[in-house]
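Asker: Sequence:
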Amino acid sequence: MTDLTKKRKAAPSILSHDMHVVGQIVSDGDIQIECKLDGNLLSHAVTVGEDAVISGEICGEVVTIMGRVDGTIRGRQVHLAATSEVTGDIYHGALAIESGAQVDGVVKREKDPLSGTTLTKPVEPVAEAADEAGKTTH
1 MTDLTKKRKA APSILSHDMH VVGQIVSDGD IQIECKLDGN LLSHAVTVGE DAVISGEICG
61 EVVTIMGRVD GTIRGRQVHL AATSEVTGDI YHGALAIESG AQVDGVVKRE KDPLSGTTLT
121 KPVEPVAEAA DEAGKTTH
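In terms of the numbering used here, the sequence shown opens at residue 1 and continues consecutively.
These are computed hints drawn from the structure, not numbers from a lab. Hints are not guaranteed to be accurate.
[Stated by the list, open to error] Distance condition first, Cα-Cα at most 25 Å in a straight line; then the derived DMTMM-like pairs of lysine to aspartate or glutamate: (1) LYS36 to ASP104; (2) LYS111 to GLU98; (3) LYS111 to GLU61; (4) LYS111 to ASP28; (5) LYS108 to GLU61; (6) LYS36 to ASP51.
Start from the sequences, fold in the hints, and give me the full structure.
Answerer: And the structure:
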């Protein structure tokens, strides 16, 4: 397979510092959070920026925390930067903690840390289901 036939990796979705998001976020791609999030996050790769504040569960293959999280973190690879503040449990396959990182909770290594999450991806978006049925929603 040549480089031209390989799928291009999409750019990460970025939620800017001037936003306040309430609700669940689900993505197949990468997400960078720089804002306040009151809700859960399920994504392939998650980066929580230094000024970000998350209240909820974070679940991803690769999770990097530089800001504040109040909730459970589940990731195959979890990295806590020196500026991170975590209040909640961390379930991981591999964990890196920089000097200065703050953790108040249980830290547990698991073979499949993502299996314990209650977060799920939507089965099928409503618009796609309507298109398949030959109807259009507006």
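Asker: Would you list, in rising numerical order, the hints stated earlier that this structure does not obey?
Answerer: Of the numbered hints given earlier, the structure breaks none, since each of them holds.
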